[in-house]
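Chemist: These protein sequences, in sequence, are chains C and V.
Using numbering that gives the first Met the number 0, the final residue of the first sequence is 547, and nothing's skipped along the way.
Using numbering that gives the first Met the number 0, the final residue of the second sequence is 547, and nothing's skipped along the way.
No lab work stands behind these hints, which were simulated from the structure alone.
Computed from a prediction, not measured in an experiment: that's the story for all the values here.
Misleading hints may appear alongside valid ones.
Since copy identity is lost for identical chains, a pair holds within one copy or between any two.
Said to hold, decoys possible - Under the rule of at most 25 Å between Cα atoms (straight-line distance), these lysine-lysine pairs were calculated in the PhoX-like manner: (1) K338 x K58; (2) K185 x K25; (3) K335 x K185; (4) K143 x K410; (5) K410 x K388; (6) K21 x K238; (7) K2 x K509; (8) K15 x K98; (9) K403 x K335; (10) K238 x K2; (11) K25 x K58; (12) K2 x K539; (13) K504 x K21; (14) K143 x K238; (15) K504 x K2; (16) K185 x K238; (17) K98 x K63; (18) K185 x K509; (19) K143 x K2; (20) K349 x K338; (21) K185 x K143; (22) K15 x K58; (23) K349 x K402; (24) K42 x K63.
There are 2 protein chains.
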Amino acid sequence: MTKSALQIARAAYQPKVPAALKGAVKAVEGAYTQSVADQDEVKKLFPNTYGMPVVTFEKTSSPKAMPAINAGVILSGGQAPGGHNVIAGIFDGLKSLNKDSRLFGFILGPGGLVDHNYMELTADIIDEYRNTGGFDMIGSGRTKLEAKEQFDKGLEILKELDIKALVIIGGDDSNTNACVLAEYYKAIGAGVQVIGCPKTIDGDLKNEQIETSFGFDTACKVYSEVIGNIQRDCNSARKYWHFIKLMGRSASHIALECALQTQPNVCIVSEEVEAKNMSLDDVITQVAEVVAKRAANGDNFGTVLIPEGLVEFIPAMKRLIAELSDFLAHHEDEFKLIKRSEQRNYIISKLTKENSEIYASLPEGVARQLTLDRDPHGNVQVSLIETEKLLAEMVGTRLAEWKKEGKYVGKFAAQVHFFGYEGRCAAPSNYDADYCYSLGYTASCLIASGKTGYMSSVRNTTAPADQWIAGGVPITMMMNMEKRHGEMKPVIQKALVKLDGAPFKTFAAKREGWALTTDYVYPGPIQYFGPTEVCDEPTKTLQLELAK
Amino acid sequence: MTKSALQIARAAYQPKVPAALKGAVKAVEGAYTQSVADQDEVKKLFPNTYGMPVVTFEKTSSPKAMPAINAGVILSGGQAPGGHNVIAGIFDGLKSLNKDSRLFGFILGPGGLVDHNYMELTADIIDEYRNTGGFDMIGSGRTKLEAKEQFDKGLEILKELDIKALVIIGGDDSNTNACVLAEYYKAIGAGVQVIGCPKTIDGDLKNEQIETSFGFDTACKVYSEVIGNIQRDCNSARKYWHFIKLMGRSASHIALECALQTQPNVCIVSEEVEAKNMSLDDVITQVAEVVAKRAANGDNFGTVLIPEGLVEFIPAMKRLIAELSDFLAHHEDEFKLIKRSEQRNYIISKLTKENSEIYASLPEGVARQLTLDRDPHGNVQVSLIETEKLLAEMVGTRLAEWKKEGKYVGKFAAQVHFFGYEGRCAAPSNYDADYCYSLGYTASCLIASGKTGYMSSVRNTTAPADQWIAGGVPITMMMNMEKRHGEMKPVIQKALVKLDGAPFKTFAAKREGWALTTDYVYPGPIQYFGPTEVCDEPTKTLQLELAK
């Protein structure tokens with residue numbers, strides 16, 4: 000591995016940790032817990048891991064000797080900055096308890112457990128990856144650990160390696176599955192503890208117990224850096240509207256956080272669009288109105304932030320897509336025979352009136368994409384829609400209409416951007432480096448305390464790291480029952496943007512000002528060596544949420 | 000202006016300057032100069048500013064008193080990181096010579112001079128913009144200063160404001176025009192000096208006298224940061240090929256520098272494509288071969304860097320576009336009558352055999368773009384071609400063919416990116432902050448020495464700033480005669496990537512290794528406060544060029 004100068008300098012960074020983790024700890028148990036909803040159903044499904052108490056780790060002056068232990072670790076799902084530091088934290092934690100403890104990494108995600116694909120993570124390997132981005136130390140994967148056969152197959156290799164505890168680093172689904180696995184291993188007396196760690200740049204794995212998922216901080220800062228740069232360009236050239244789509248499967252936390260950091264002229268929040276039952280037309284009108292108002296002030300430039308999941312939050316678009324998927328699934332052969340140039344009119348003639356009108360209003364490229372790019376099951380692939388282009392094009396069309404009507408005088412030229420892969424593997428910010436390392440270290444304490452079915456938890460993270468609180472939360476506590484593929488399943492509630500939460504309310508109070516005046520903020524790149532107010536500030540979202 | 004924490008901290012940075020500029024200086028003149036070519040023609044066009052000596056500034060212990068002077072400054076053309084520091088350097092330089100000197104900024108580019116649109120740049124304003132990115136202090140514009148009427152109109156406001164010297168910050172064209180203006184004002188005895196400053200992120204304004212243009216360093220570092228992040232994602236997920244297009248109108252300096260910084264699997268260099276007379280098909284084959292070889296090793300992922308200007312460097316594509324522009328210009332009405340679905344076949348039937356075949360090989364979207372998106376003169380707009388998608392799609396098609404033939408076994412999925420606006424207005428790196436400030440300060444010394452028709456020059460910039468050499472180069476020295484719009488014009492030679500230069504040769508020697516092994520480098524974000532090897536390193540291009 001050829002290393003950059005920054006990577007070499009950054010390797011020496013010693014993550015900051017909660018004061019309690021600086022020496023021996025004892026687990027202090029709180030009250031017994033309940034799941035957030037559907038208590039009876041969840042309890043029935045998790046007889047061995049339901050209702051356990053929240054745990055907090057506190058300093059102790061009488062450390063217990065701990066036998067050497069072998070542990071395993073898995074990275075599950077999409078990359079997020081700081082994954083390597085979680086692993087380093089687990090490693091250092093285990094070694095501090097007993098220098099003969101060993102750590103194994105399962106390769107390319109949960110599939111590595113099932114396929115018995117693993118490597119031992121020695122000090123040399125760990126040191127190579129401290130404070131780096133990416134998941135390349137052991138790779139990640141999207142295999143879902145759901146079936147008994149997988150659990151049993153996994154247990155074979157765990158037994159073979161004498162692994163007594165497994166840490167699964169993942170999002171809401173992976174942590175749900177970690178808990179199912181914990182329950183199963185406990186039920187059969189397998190002697191393997193399972194601990195989860197909250198990861199996802201999307202920021203949608205958080206609740207009363209978990210302040211934030213790791214990676215959200217770094218990813219948002221990278222996106223805000225480039226958004227800020229684009230805004231400065233926008234404000235210097237004064238001739239383009241930049242439509243910027245931001246990753247984040249469904250929740251709009253990333254777009255909202257970036258808006259709070261950079262103060263764009265428009266930021267669309269999917270959750271608000273859904274709550275207000277807005278149509279695509281409404282969204283277009285809203286953006287076009289800001290463009291027109293700015294143009295009236297002589298400002299023919301601006302920025303629009305768009306959450307990746309937007310289309311799926313527009314109720315009318317959801318209905319169109321559902322009908323389209325259904326129709327095409329049942330008329331595949333007929334559709335194939337239609338001449339390319341006639342396909343659009345064919346679809347328009349077949350859909351119900353409401354959906355037909357929406358389809359007819361879509362730009363040609365998007366309309367075509369909706370009928371052509373379908374997944375193996377024939378479903379329309381919403382994620383492939385270039386929402387940033389869709390909006391830019393439709394806003395342009397709307398403005399051209401208004402110009403004819405004399406309602407708009409100005410020039411409109413658009414540039415489009417999509418940021419996602421740029422932020423998922425950035426080297427972690429100080430916040431994520433510290434938070435991840437602490438999460439990993441805490442996971443080792445949960446292992447030492449014999450816990451299973453817990454998620455590693457580090458709280459109070461807007462305070463200096465010294466005052467952070469390390470502990471564990473029973474995963475069942477975050478669960479409720481939801482329909483998945485037609486079946487009721489116990490799952491961790493996904494956290495969408497709350498319209499009555501402090502981050503959204505702060506944004507909502509300021510957005511009109513940001514729309515008309517040009518008050519862009521340029522956060523600049525993540526800094527690792529500067530003054531603390533530059534290097535250590537957590538996200539605006541977290542600061543606002545914890546200040547409440 | 001709401002300021003980010005980084006912006007506030009960075010405002011205090013004091014740019015490093017050449018030792019000579021730390022006190023009073025004297026101008027030391029070298030030998031008289033010649034233009035790089037076409038000496039007789041250039042000399043005839045610049046009777047008053049041709050052949051002047053190169054100037055170097057050295058420390059002096061006997062400073063001369065300098066009367067207060069009013070100067071003007073113009074930002075011309077595309078944004079580049081560090082423009083504000085050039086202005087700050089001019090300001091501080093003028094004030095150090097006489098505290099009653101004043102600086103005026105012409106607004107939104109050269110048009111501000113012609114339209115008498117200006118503002119005085121006071122200490123408060125300057126301080127607000129120190130070490131920031133963007134050109135928003137006074138804005139920039141693309142008006143070309145070429146006509147006598149513009150010069151005369153400009154002179155009116157210069158006289159009115161008693162401005163004795165004008166600094167034009169721009170690329171090769173703007174500096175050429177600065178020299179024409181200098182010659183004109185000298186010829187008519189206007190009493191206004193004109194000084195140029197070398198700006199462009201493209202890196203194509205450089206020669207024996209000018210080491211680099213400002214902004215290239217910062218822009219390449221921003222692009223390399225995000226390319227590195229994408230590469231780490233690529234290497235973690237191991238399932239995508241990322242096709243990344245990089246800004247840079249014609250020269251491939253940016254793509255090459257980013258390749259040297261990040262070590263991608265493929266980097267296309269337009270100048271090589273042209274020199275080898277490669278066809279689009281050749282380029283596709285070359286990329287597809289790397290994909291196939293990596294797939295044979297089990298690596299179905301990788302990165303490809305693509306310079307923005309590529310298509311115009313493929314001789315066969317240039318011929319196609321020329322014929323297409325010409326044909327459509329003469330058959331506009333006929334073409335409009337063709338049904339949309341028949342347009343492609345119509346074009347194929349009308350072009351000469353060679354061009355017809357190439358056109359037929361293009362993906363539908365690109366083929367359509369070539370006929371639809373034309374400029375007001377009817378010309379095909381090459382800059383709108385999404386080259387990154389074009390290559391990704393055509394490589395995919397090629398691989399599918401090879402798969403059928405049994406020549407390729409693997410999976411190919413592509414993601415595309417285009418980076419440009421992300422880097423043009425980033426806050427300048429230490430290198431650009433220092434270089435720009437020094438260029439501006441040197442410009443003030445050129446003014447004080449009574450020079451006109453000079454470009455501010457700071458050399459030896461791979462050494463510590465203390466050892467940098469400040470001076471001025473007669474702009475005519477960089478000129479030759481070139482055909483522009485059918486007429487022979489004196490212009491500064493544009494610097495393309497030299498295939499026998501050290502940067503390209505270094506890349507060429509390493510690229511096979513980078514293609515097959517995965518040896519990505521992750522440079523990370525620009526750092527402003529860390530160790531010098533992290534914060535102060537100039538571009539690889541400059542290091543290799545100056546090491547020769």
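Chemist: The structure should be examined with respect to each hint, and the outcome stated for every one.
Modeler: Results for each hint:
1. K338 x K58: So K338 and K58 fail the 25 Å test inside a copy (73 Å) and across (78 Å) alike.
2. K185 x K25: Only inside one copy: K185 and K25 sit 23 Å apart there, 84 Å across copies, limit 25 Å.
3. K335 x K185: neither (53 Å within a copy, 73 Å between copies)
4. K143 x K410: between (50 Å within a copy, 22 Å between copies)
5. K410 x K388: within (18 Å within a copy, 28 Å between copies)
6. K21 x K238: Neither. Shortest intra-copy (54 Å) and inter-copy (40 Å) distances fail the 25 Å Cα cut-off.
7. K2 x K509: Only across copies: K2 and K509 sit 16 Å apart there, 43 Å inside one copy, limit 25 Å.
8. K15 x K98: within (22 Å within a copy, 49 Å between copies)
9. K403 x K335: This pair counts as between: shortest inter-copy Cα distance 23 Å, intra-copy 39 Å.
10. K238 x K2: between (40 Å within a copy, 23 Å between copies)
11. K25 x K58: The answer is within: 6 Å in one copy meets 25 Å, while 68 Å across copies does not.
12. K2 x K539: between (32 Å within a copy, 15 Å between copies)
13. K504 x K21: neither (38 Å within a copy, 52 Å between copies)
14. K143 x K238: Classified as between; 18 Å across copies, 47 Å inside a copy.
15. K504 x K2: between (43 Å within a copy, 21 Å between copies)
16. K185 x K238: Result: close neither inside a copy nor across copies, 63 Å intra and 35 Å inter.
17. K98 x K63: within (14 Å within a copy, 72 Å between copies)
18. K185 x K509: Intra 51 Å, inter 54 Å, cutoff 25 Å: neither.
19. K143 x K2: neither (34 Å within a copy, 44 Å between copies)
20. K349 x K338: both (15 Å within a copy, 24 Å between copies)
21. K185 x K143: For K185 and K143, only the intra-copy Cα distance (20 Å) is at most 25 Å; the inter-copy one is 76 Å.
22. K15 x K58: within (16 Å within a copy, 48 Å between copies)
23. K349 x K402: Neither. Shortest intra-copy (33 Å) and inter-copy (38 Å) distances fail the 25 Å Cα cut-off.
24. K42 x K63: neither (33 Å within a copy, 89 Å between copies)
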